[in-house]
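Spelled out, the chains give:
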Amino acid sequence: MSSKLPAGVRFLGAEPGAVAGWLTHDAPTDRDIASCVGCGLCLPHCPTYRLTGDETASPRGRIAAMRAVSEGRAAVDATFSRYMDLCLGCRACEDACPSLVPYGRLLDGAKAEVMAVRARRARLVRVLGLDILLDHKWAITALSAYLPFVRPFLPPRLRRLVPRVSLRELARPIPAVTLPKGHARGTVAVLTGCIQDSWFRPINRATVRVLARNGWKVVVPPQTCCGALTAHYGSLGAARRMAAKNAAAFALADADWIVVNSAGCSAQMKEYGELIDRPDVASRVRDLLEFLDEQGFEQPAGSPVARVALHDPCHLLHAQRIFAAPRSVLGQVPGLEVVEIADGDRCCGSAGLYNLFEPAGADRLMRQKAANVAATGCHVVLAGNPGCAVQITAGLAELGVDVEVLHPAELLDRAYRRSARG
Amino acid sequence: MIAAARRDLEEILGSGAVLSDPLALRLYGRDASMLEGSCELVAIPSNREQVVACVRIARRRGLAVVPRGAGTGLAGGSTPLPGSLVIVTTRLQRILEIRPEDRLAWVEPGVLNLDLKRRLAPLGLTFAPDPASEASSTIGGNVATNAGGPHCLAYGVTANHIFAVELVLADGTVQSFGGEGPEAGGYDLRGVIIGSEGTVGVITAVCVRLTALPEAVQVLMLGFATVDDAAGVVSEVIAAGLTPAAIELMDRAIVRVVEDFAHAGYPVDAEAVVLIELDGLQGGVDRQRQAVEQIARSHGATVIQAASDPAHRARLWKGRKSAHGAITRIAPDFLQYDVVVPRTRLVEALAAVRVVARDEGLIIAHIVHAGDGNLHPLIMYDRRSPGALEHVLAAGERIVRACLEMGGSISGEHGIGLEKRDFMPLMFSAADLDLNDDVRAAFDPVRTMNPGKILSDVGRSHGPAAGHAAGAAPDEAGSWRR
Ligand SMILES: Cc1cc2nc3c(=O)[nH]c(=O)nc-3n(C[C@H](O)[C@H](O)[C@H](O)COP(=O)(O)OP(=O)(O)OC[C@H]3O[C@@H](n4cnc5c(N)ncnc54)[C@H](O)[C@@H]3O)c2cc1C
Ligand code: SF4
Ligand code: SF4
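So the protein sequences, as listed, match chains L and G.
Count the first sequence with the numbering used here and you get residues 1 to 422, in order.
Count the second sequence with the numbering used here and you get residues 1 to 482, in order.
The hints are simulated quantities; they were obtained by calculation from the structure and are not laboratory data.
Some clues are possibly wrong.
[Said to hold, decoys possible] Straight-line Cα separation of at most 20 Å, SDA-like style, residue types lysine to any residue; simulated pairs:
(1) L:LYS4 / G:LEU426
(2) L:LYS4 / G:ALA154
(3) L:LYS4 / G:GLY387
(4) L:LYS4 / G:LYS318
(5) G:LYS117 / L:ARG346
(6) G:LYS117 / L:ASP343
(7) L:LYS4 / G:MET406
(8) L:LYS4 / G:LYS117
(9) G:LYS318 / L:ASP95
(10) G:LYS117 / L:LYS217
(11) G:LYS117 / G:ALA154
(12) L:LYS4 / G:GLU397
(13) L:LYS4 / G:ALA388
(14) G:LYS318 / L:ARG321
(15) L:LYS4 / G:ALA430
(16) L:LYS217 / L:GLU294
(17) L:LYS4 / G:HIS263
(18) L:LYS4 / G:GLU390
(19) L:LYS4 / G:VAL174
(20) L:LYS4 / G:LEU335
(21) G:LYS117 / G:PRO310
(22) G:LYS318 / G:HIS263
(23) G:LYS318 / L:ASP345
(24) G:LYS318 / L:LEU100
(25) L:LYS4 / G:PRO310
(26) G:LYS318 / L:PHE323
(27) G:LYS318 / L:THR178
(28) G:LYS117 / L:ASP345
(29) L:LYS4 / G:PRO82
(30) L:LYS245 / G:ALA430
(31) L:LYS4 / G:ARG398
(32) L:LYS217 / L:ASP277
(33) L:LYS181 / G:GLY283
[Stated by the list, open to error] Stretch by stretch, here's where chain L covers chain G in the computed footprint (C-beta under 8 Å, at least three residues):
(34) 142 to 148
(35) 242 to 255
(36) 296 to 310
(37) 374 to 382
All residues carry an ideal CB built from backbone N, CA and C; glycine is no exception.
Whenever a hint applies, use it, and build me the whole structure from the sequences.
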């Protein structure tokens, strides 16, 4: 049969002796690429494919582009870069793939390749911003201190995305040790995060209070950024350096668990096993609500609100496959109804720095998400990831609806305080 | 010529909807089959008028047209041949009208099968065709391949659920076939269009029949120590006059990989697992369930389990529907066949495949639409080992021939496309094939539409088809009669 195929048609596969067009050591591996059969079952789950209907903006297409490079039929060029940059990295495709294709790993590899061919200026922005700035917490804090003054002068699109940061908060870091309420159940080390710690410190405070309330001694080891943004934007080397620093710091802290309240960061730290061969650290990492669900927690007496819409961050739902835990925890708060958001498994468009680099696609996804949140009729929406919180806040503001965006830790914290007041 | 076509297309569609970058063209070079072709341009129109314009431009500029939905086809139907413009229908995705009281809906071809079902469910209605690819394949693609699925045992294939089709013909005229009811009068040309795999025109709207959701649904999962036991139960269930909505069979190799993904609780030690779905009124479902369990016990079923709730049922089906995608976890490469045998001869067919596997020293796994006698033998190989592909193709041909000898067919549901077109002469005489070609030529005399698919373009036995003029067809080497 093969001999009778029409001209220009062939069975899939590399020609013998083909030389891959990859440029770096971090390139996607042939084995990972070959695990995709091209069945297309991931297509409807991919937000960028849903927006465009275009194979080049689909997971299958992106993997096929990688395959083309690995088989020496295409180069890592501007087109290839474009296709990879348009990917949100939300990993909804990975969740849907029966072949268990490790898409996140493929994409990180492809982004490392893209980094190698980026124009100097674009590369500089990323290296300065992601590899250097994120690795230096003092620098983020220092820059954030200027934000209140700079914010009014930012272009509206950016202003919308930059939250108000209080200088009073910035001046008071999270204590290195917080003792538990009552009998100690054990020690948890908390990742305070890079951006999260400067821009959303009240969330970190709430997280620490909720953990201490439940009998955990909370320690905050000296640490750096988890490396997620860096890895997803093509600097795997820098990401490994950050991961190694953190792994050392958290190992020293000698905690039973490492609890992380930002889904993007917990997903990344769970990859430390693969990334830098530190499964000892990775296996102790838990996302906050996953942790409370596993370990059990004290039921608050009541809820500060009757209904909340629950947003599933992609890095929780898809990258970590955590769906039930948040529902189970929130379901135990008396008087609280958790409302599902339509198309809840679709990315909000924040996607790390996607909303900065790819505003058009990000805005469309943001509007869809905001509309679906508004449609729940809830006055509060919960988002356990700072990027999502920023994005959804901006979307709701544009829509002109009054919905408060809270972190689940803040809701629990308020519930406990309320019960304390009686 | 191609540059001119691109300019023309961009003028109508805008530059974002016309792709000509070599990498983009490569990504549109295949569907879900194992064949890769190539094309000159890709257009992604957003409405019927734009489709018409694309077809006209292709004709004017001497390009063939390859209609493409989601590209989940398994026969190479939307794998383009050189010299073609791929027209993608994914942006034609409006549900135009739902008329519950008339049990019909008008949809654009790019609407995904499952998206339509989700819209219909709150109305207590559904669109019955349920290919395992329902989440990602388009209604247009379903119509063009006359897709089947597990439930076509009770509900019939796509053709049974289509009232009317709107088609853009090769010369750019738009024509409707059929009407808003089963009896449209005149020749029933819908039958030609359904399953035409893009060779008669581009479908731009479909009027589908809606079906009421059943009152009760129950899925039974049966496990067996041998594949023959499993197949025996299937034959007996049907012989006993029971009417399940679906009967699916998977062998051990498949069950193991899908369980890893779907976590449905399949018995991974069983040699074969059968899923039987019963639906209808509650009383009838209960009675049928007892009868099926009785038959299963008498055939030595090692597991007899009913889905505990709708979520479990969904997981069981999710496992089955992901089987195709999960195969690479067994072997790096595979070819899938789509043969049919009379369903009473299922045991025999499975034995024949076993013989081929043994003779050729190949691993062959099974997913079977057992109720319809539609086998999907998956032959595993590693393309890096020299001669492996040729070996698999030879084994595949043996399987096909064996099934034909039992009175079967070369394709149950995936279509002929490119991959199976060379098997056509095994089933049809030269005169039959010419007649088929004449019918096609009545729609598309100059062969603009997906040439080289289903039927080869060269080697007719009685000279050119009625009205045939050479021109738009791309060069092609080889055919079934050379
Ligand atoms: C995991 C998996 C499971 C599958 N399970 C089943 C199954 O159970 N049953 C089954 O029958 N098939 C199955 N298939 C095959 C495939 O999904 C079906 O053939 C489906 O109908 C193809 O739809 P599509 O939108 O992907 O079309 P494509 O693959 O894009 O196209 C298929 C054919 O239809 C033509 N076509 C598409 N749209 C149009 C249009 N608007 N106008 C004219 N021609 C058009 C194309 O030219 C091509 O010839 C499966 C595939 C996969 C990958
Ligand atoms: S990534 Fe997975 S789901 Fe998507 S096409 Fe490849 S194998 Fe199929
Ligand atoms: S990571 Fe998200 S955007 Fe990227 S291919 Fe997968 S589903 Fe699409």
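Consistency of the hints with the structure:
Between LYS4 of chain L and LEU426 of chain G the CA atoms are separated by roughly 15 Å; this keeps the pair inside 20 Å, and the hint holds. For the hint pairing LYS4 of chain L with ALA154 of chain G, the CA-to-CA distance comes to about 38 Å; that exceeds 20 Å, so the pair is violated. A C-alpha spacing of about 16 Å is found between LYS4 of chain L and GLY387 of chain G, which places the hinted pair at or below 20 Å, so the restraint holds. Under the criterion of a C-alpha separation no larger than 20 Å, the hint pairing LYS4 of chain L with LYS318 of chain G is inconsistent with the structure, at around 37 Å.
Distance hint between LYS117 of chain G and ARG346 of chain L is fulfilled; the C-alpha atoms sit about 19 Å from each other, no more than 20 Å. A hinted pair counts as satisfied when its Cα atoms are at most 20 Å apart, and LYS117 of chain G with ASP343 of chain L qualifies at roughly 15 Å. For the proposed pair LYS4 of chain L and MET406 of chain G, the alpha carbon gap of about 26 Å is over 20 Å, so the pair is violated. Between LYS4 of chain L and LYS117 of chain G the alpha-carbon distance is near 40 Å, which puts this suggested pair outside the 20 Å criterion.
For the hint pairing LYS318 of chain G with ASP95 of chain L, the CA-to-CA distance comes to about 13 Å; that is within 20 Å, so the pair holds. A hinted pair counts as satisfied when its Cα atoms are at most 20 Å apart, and LYS117 of chain G with LYS217 of chain L does not qualify at roughly 51 Å. Distance restraint check for LYS117 of chain G and ALA154 of chain G: the Cα-Cα separation of roughly 18 Å lies within the 20 Å cut-off, and the hinted pair is therefore satisfied. Straight-line distance between C-alpha atoms of LYS4 of chain L and GLU397 of chain G comes to about 14 Å, which keeps the hinted pair within the 20 Å bound.
Pair hint LYS4 of chain L plus ALA388 of chain G holds up; C-alpha atoms about 17 Å apart against a cutoff of 20 Å. This hinted pair checks out: LYS318 of chain G and ARG321 of chain L have alpha carbons roughly 16 Å apart, not beyond 20 Å. Note on LYS4 of chain L and ALA430 of chain G: the hinted pairing holds, with a Cα-Cα distance of about 18 Å set against a maximum of 20 Å. The hinted pair formed by LYS217 of chain L and GLU294 of chain L meets the criterion: a straight-line CA distance of about 17 Å does not exceed 20 Å.
For the suggested pair LYS4 of chain L and HIS263 of chain G, the alpha carbons sit about 42 Å apart, so the restraint of at most 20 Å is broken. This hinted pair checks out: LYS4 of chain L and GLU390 of chain G have alpha carbons roughly 12 Å apart, not beyond 20 Å. Proposed proximity of LYS4 of chain L and VAL174 of chain G is contradicted: the alpha carbons are some 35 Å apart, above 20 Å. With a CA separation close to 17 Å, the supplied pair LYS4 of chain L and LEU335 of chain G stays within the 20 Å bound.
Restraint check for LYS117 of chain G and PRO310 of chain G: the C-alpha separation of about 16 Å stays at or below 20 Å, so the hint holds. Between LYS318 of chain G and HIS263 of chain G the alpha-carbon distance is near 9 Å, which keeps this suggested pair within the 20 Å criterion. Annotation: proposed proximity of LYS318 of chain G to ASP345 of chain L holds, straight-line Cα distance about 17 Å (limit 20 Å). A distance of roughly 14 Å separates the Cα atoms of LYS318 of chain G and LEU100 of chain L; the hinted pair therefore holds under the 20 Å criterion.
Between LYS4 of chain L and PRO310 of chain G, the direct Cα distance comes to roughly 48 Å. Violation of the 20 Å bound is thereby established for this hinted pair. Proposed proximity of LYS318 of chain G and PHE323 of chain L is supported: the alpha carbons are some 18 Å apart, at most 20 Å. With a C-alpha separation of about 46 Å, the suggested pair LYS318 of chain G and THR178 of chain L falls outside the 20 Å cut-off, and the hint is violated. Our distance criterion of 20 Å between C-alpha atoms is met by LYS117 of chain G and ASP345 of chain L, whose separation comes to about 18 Å.
Distance check on the hinted pair: LYS4 of chain L and PRO82 of chain G sit about 16 Å apart at the alpha-carbon level, within 20 Å; holds. Note on LYS245 of chain L and ALA430 of chain G: the hinted pairing is violated, with a Cα-Cα distance of about 73 Å set against a maximum of 20 Å. Pair hint LYS4 of chain L plus ARG398 of chain G holds up; C-alpha atoms about 17 Å apart against a cutoff of 20 Å. Only pairs whose Cα atoms come within 20 Å are accepted, and LYS217 of chain L paired with ASP277 of chain L is rejected, the gap being roughly 27 Å.
As the CA atoms of LYS181 of chain L and GLY283 of chain G are separated by approximately 58 Å, the hinted pair breaks the 20 Å bound. A count of 0 residues in the region 142 to 148 of chain G with a Cβ less than 8 Å from any Cβ of chain L is obtained; the coverage claim is therefore unmet, three being the minimum. Coverage of the region 242 to 255 of chain G by chain L is violated in this model, with 0 residues showing a Cβ closer than 8 Å to a Cβ of that chain against a need of three. Under a criterion of three residues with beta carbons nearer than 8 Å to beta carbons of chain L, the stated coverage of the region 296 to 310 of chain G fails, only 0 such residues being counted.
Coverage of the region 374 to 382 of chain G by chain L is violated in this model, with 0 residues showing a Cβ closer than 8 Å to a Cβ of that chain against a need of three.
Checked against the numbered hints above, the structure breaks hints 2, 4, 7, 8, 10, 17, 19, 25, 27, 30, 32, 33, 34, 35, 36 and 37 and satisfies the rest.
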